[in-house]
Amino acid sequence: KSRPPKSRDRGPTSNEDTQTDFAAMNMLGNMAPPSTAVDACLDDGFALDSGLKVTNAGVLLVGGEAFKWRPWIRPGRKEGTFGAGAAGDDQKGVSSPAGKLKNPKGMFEVDKSVWGVLDLVWPKPDLLILGTGERIVPVSPQTRRDIAALGIRIEVQDTRNAAAQFNMLATERGTQQVAAALVPVGWREGK
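Counting along the sequence shown from 1, when you hit position 130 you're at 130 in my numbering, and nothing is skipped either side.
Because the hints were derived from the structure by calculation, they are not lab data.
Hints should not be assumed to be uniformly reliable.
Mimicking PhoX-like on lysine-lysine, the simulated pairs with C-alpha atoms at most 20 angstroms apart in a straight line are [as the list claims (entries may be wrong)]: (1) Lys105 with Lys124; (2) Lys53 with Lys68; (3) Lys112 with Lys102; (4) Lys100 with Lys68; (5) Lys68 with Lys112; (6) Lys124 with Lys68; (7) Lys100 with Lys112.
With the hints as constraints, model all of the structure from the sequences given.
Structure, rendered in structure tokens:
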């Protein structure tokens, strides 16, 4: 075990009159953020830089466009209330008792059809940033294969960090090269 230092002295004070202006080092400061940049992650949706507010859904940001995204809705099931035989609960926002994003092993797994927009868009983005909600959730091998089959790499993070990374990379590289699929931070897994 090492001993603690005998002194906290950092040496003599500097006589230099120059200081680093870190704000001047912001190379992206003069670039306008994309209109699809995420301004805020809401409990049940997102506020985008364009002024668009997406509620009761996730968001898929591709090629400078924003799409409402509900990956928890399974094919063949209607959206809406349970009274209509659907998979959602209109009274509780995105907290859908019947919707699932995790497989029995606790991994993020969705139907291949939720990536339909990525299959149609050209040119395809190089990278998909996946925000899995309040916490990072590992992605199932099948979902990884589905995305890889589109020729797209995937980065998985919690939604807040995924949104921040998308904003930075979309500003730096452009919205044609980076896409994001974001689950609302208030999403609760169904039973």
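Here is how each hint holds up against the structure:
1. Lys105 with Lys124: Not satisfied, since the Cα-Cα distance of roughly 30 angstroms exceeds 20 angstroms.
2. Lys53 with Lys68: With Cα atoms ~10 angstroms apart, Lys53 and Lys68 stay inside 20 angstroms; holds.
3. Lys112 with Lys102: 14 angstroms, holds
4. Lys100 with Lys68: 17 angstroms, holds
5. Lys68 with Lys112: Within the cut-off at roughly 17 angstroms; holds.
6. Lys124 with Lys68: 19 angstroms, holds
7. Lys100 with Lys112: 14 angstroms, holds
Going through the hint list in order, the structure does not satisfy hint 1, though it satisfies all others.
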